[in-house]
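Undergrad: Read off the chains here:
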Amino acid sequence: MYNQENCRFAKTHEWAFVEGDVAVVGISDHAQEEISDIVFVDLPKVGRTVKVGENCCVIESVKSASEIYAPVSGEIVAVNEALAADPALVNREPHAGGWLLKIKMTHPEDFNALLDFEGYKATLQK
Amino acid sequence: MQEILIKNELSIEKSRPGRRGVRYAKAQKKASDYLPAGYLRQENPRLPELSEFDTVRHFTRLSQQNYCLDGQFYPLGSCTMKYNPKAYDTLSVLEPFAKAHPFAPESAVQGTLEILYNLQELLKKITGLAAFTLQPAAGAHGELTGILTARAYHDAHNGANRTEVIVPDTAHGTNPATANMAGYTVVNIKSAPNGCVDKEALKAALTDKTAVVMLTVPNTVGLFETDIREIAEMVHKVGALLYMDGANFNALIGLAKPADFGVDIMHLNLHKTFGAPHGGGGPGSGPVGAAEHVAPYLPQPLVTFENGHYTLAQRPESMGKMKAFYGNIAVCIRGYCYLRQFDATTLKEIAENAILNANYVRARLKGKFNAFFDRNCMHECVLTIDPHSMNGVHTSDIAKRLLDYGFYAPTIYFPLIVPEAIMVEPTETESKEMLDAFISAMERIYEEVCTDAQVVKEAPHTQPVRRIDEVSAARQPNLRW
Amino acid sequence: MFTPTTQKDKEEMLQKIGVSSIEELLQQIPSQFLYPTLDLPHALTEAELTAHIHELAAKNKPLKNFIGAGMYEHFIPAAVPALSSRGEFLTAYTPYQAEASQGTLQTIYEFQSCVCALMNMDVATASHYDGATAMTEAVLAAARITGRKEVIVSTLLHPHYKEVLTTYTRHAGLTITEAKVQTNATLAIKELQAQLSDKTACFVLPTPNFLGNLEDAQAVSEVVHAAGALLVAVVNPISLGVVQTPGEYNADFAVCEGQPLGNPISFGGPGLGIMAAKKAYVRQLPGRIVGIAKDHDAKRAFVLTLQAREQHIRREKASSNICSNEALCALNAVIYLTLLGPQGLREVAELNLERAHQLADLINAIPGFKAGTGAPFFNEFLVSCPMTAKEVIEKMAERGIAAGHDLGNTCTAMKNCLLVCATELRTESELKAYADALRGI
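Chains as they are written, first to last, in numbering that gives the first Met the number 0: chain A, 0 to 125; chain B, 0 to 480; chain C, 0 to 440.
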């Protein structure tokens, strides 16, 4: 489960935490607030492999389309099916029920290269 | 009382079984006498059943729920909502034009072809370019035509390795979308602090991979690219072509010819500059012109005049075809009418007055709504506000409040580089009195922002509907009955 | 005269701006470009212009029209132009400010609904430039959806549609191949089946095809879907009054040229591109879409929706660059369909079917001429002539008749073939006059 200790962040506002060799990925509270009312989450197909930094998902509001980049490399093994019916879950629970996808990591060191919470917070203040 | 009489119903909700608006002669046989059973439609479509009168009432009532240029000032930046003479409404649909078939023998459609040929010639004269195609059906369609024409040019000149199109960050969204559709990689460049192209950024982006540089002139912040000639030379030096988005040509008509700037390809919007109304979103027409060296690659056919006969000429080097048949002809006839009603002197006055009006609005609103670039503008001015100093009022609130004052809203949140942008293009056909009224409304809204911001934030209050929840519309789309 | 600004206005305005002349405002344009010589004809007054345009119109010869080939002459009820030419529709812009554009928005919603009903499809867009570009955009969407790069089209797709598809997709990394035809000028479905593979993004099925024949769409649909490809149907909207609909044969996309629905031919433009699709593909659709929403008081309202697909938001990543479309032509179409209703649409379709078959029978009675190929057709059919089609067309034109489309223009092997169309507008006596003239040449 997400908590500030086990979670790492990308500068592009994705978070991830690890369960075994799988990274659970979502977007930060700051990001969901910036995007505002989310109307649709275009999730990738399960089975697709992604490289770190690759666009793997698009989040739409009425006035914007924001690309989400994979914080780690690997194979997408699950996506959050609940978002199809209720995309606002990302707004309400960005760190819990609003997770986006799970990536089975091929390069676990990717995760360690991400920012910790304080580091991420510092990028926001800039 | 009014509520009871005028219900906001869909045509299908007004439908009553058995009613109808048109009657046809009865066929002697049934469809099944001509077609095999498996080829037949099983159920009638769920279309409304209305009398002719029901239909007339229905659509008349709907028309009354619209702002329109005939009724209201429409200061939509970058859209050139100017008055178009009513004569063209009838002249463009005269029966011999309306019934002309694109596959009729050429001898039977000489009148239509003559107009198209003459329009091509007139557009050549006012732009200085060597050839024009009338095929594109809209501005964005013209852009794609232009970029694919450029691509055909490069393919014929060992330029297949050119894979990039440079687009400034002030461009209309159609520019990058067009370049992408043409299979190019988009290279975005930032604008300089004065609102024009950052020449250093352009220089850094230009390489032997550059196919085209797309520039809107005047640009989308309403400024002329003063160094256009130098930019053209930079572009040509690396073997690329300069594309001019002519969406804002109303500011230049009669004042300057794009060919003189070094433009290789450009499109014009007949539905902005040349006498055609917008029709609620089309049909438009986006003729594309090209300089001599690029002209052979334009779409086919073009209309030519040989031995006293107008003809649709095929072109061996052409990039192909952008739509079935030859273009939005009825819109082209309007364009021709427009260019016959004005000569060099009156065209120049049109551009001058468009520029005068925009600068007048800019100058009068200064202090309350400031221009993002504080300098003289061309045909439109881009204003900006700071919600922090406006009691949290945003540009979208001001736009909605203007509707209450009887004005359509300016273009808002564009260009993207201007925060809280309000883009006003008054056009030359509005009188000083109308501009003064608009300025008064803006001033009054400014006062409201200071004294009663809520009334602005909840606007509009006088329209057929109040502010609309776009979020739930997008979450649970209802797109049909 | 066109600009209302008086000299006095101008002086006051310049003063407020703080400049002494218009030239001062124009300083951003380098003087070398300013005020070029324009060799334009003298300006006409409205009266002169009217006379001039009428003169040009008179140079078009009125021929009794038997040409279709993508643009069809149908009866347009007077209420259609009377309503659509109202300034409130004609001079409005794209309905970006929804509250002040409910009229236009509701007409688009009703248009989308009528298109869905007509085609038996789930969703439809607000319109495209014409049938050819709508088809092309559907093909591009199919390639995005399937992630496949090969497109197969019927050989009997309208030649202009093929050209547009090729022009648009030349640089999109798609390959386009054609599916073969049988001797009766319909699709060879067995051969198509062999051609389809797990690389095929979609098959483009025109029905009626370019030679007027209806295809066995159900059978085509089955083989296309068996290969995991999508089916893009290109139809004639009037035919759908009687002919099986794209939804009934499970098409994924259905497109057509909507001109027959209340719009004049106008030398081929403006046309009206209609696109409908299965619901699952709604976010891959290009262009504008209107949806129902609620306003602040929970009252029904209409609004442009799903805009995050579009170029003004997604720029180079948009599903298309389309912006202006053919709203006014779509308005004509929805008024037309509202006037006709289900009954009127059926009647007009039946009448087209009947007139075309009557004319084919009359032509078949003329020695040397053969109408039709034995396949079912709607309002258009192939005629083989004992001379070149060009010659037939010239001789018939002398008799005031536009005899049909010369198929030799598309394919030299068909230089003796004519594509002939009879809509509900051609009366029985006109059909007879056509046959008499043909017999006489």
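Do not take every clue at face value.
Calculated cross-link-like contacts (lysine-lysine; reagent style DSS-like; alpha-carbon spacing at most 25 Å) [unchecked claim]: (1) Lys369(C) - Lys394(C); (2) Lys431(B) - Lys394(C); (3) Lys9(C) - Lys365(B); (4) Lys456(B) - Lys62(A).
Since the hints were made in silico from the structure, they are not lab data.
As the structure is a computational prediction, the values presented were derived from the model and not from experiment.
Undergrad: Now look at each hint and say whether the structure bears it out.
TA: Okay, the hints, checked on the actual structure:
1. Simply put, Lys369(C) and Lys394(C) have alpha-carbon atoms about 18 Å apart, close enough for the 25 Å limit, and the pair holds.
2. Annotation: proposed proximity of Lys431(B) to Lys394(C) is violated, straight-line Cα distance about 61 Å (limit 25 Å).
3. With a CA separation close to 19 Å, the supplied pair Lys9(C) and Lys365(B) stays within the 25 Å bound.
4. At most 25 Å may separate the alpha-carbon atoms for a hinted pair to count; Lys456(B) and Lys62(A) meet this at roughly 18 Å.
Violation of the numbered hints given earlier is confined to hint 2; every other hint is satisfied by the structure.
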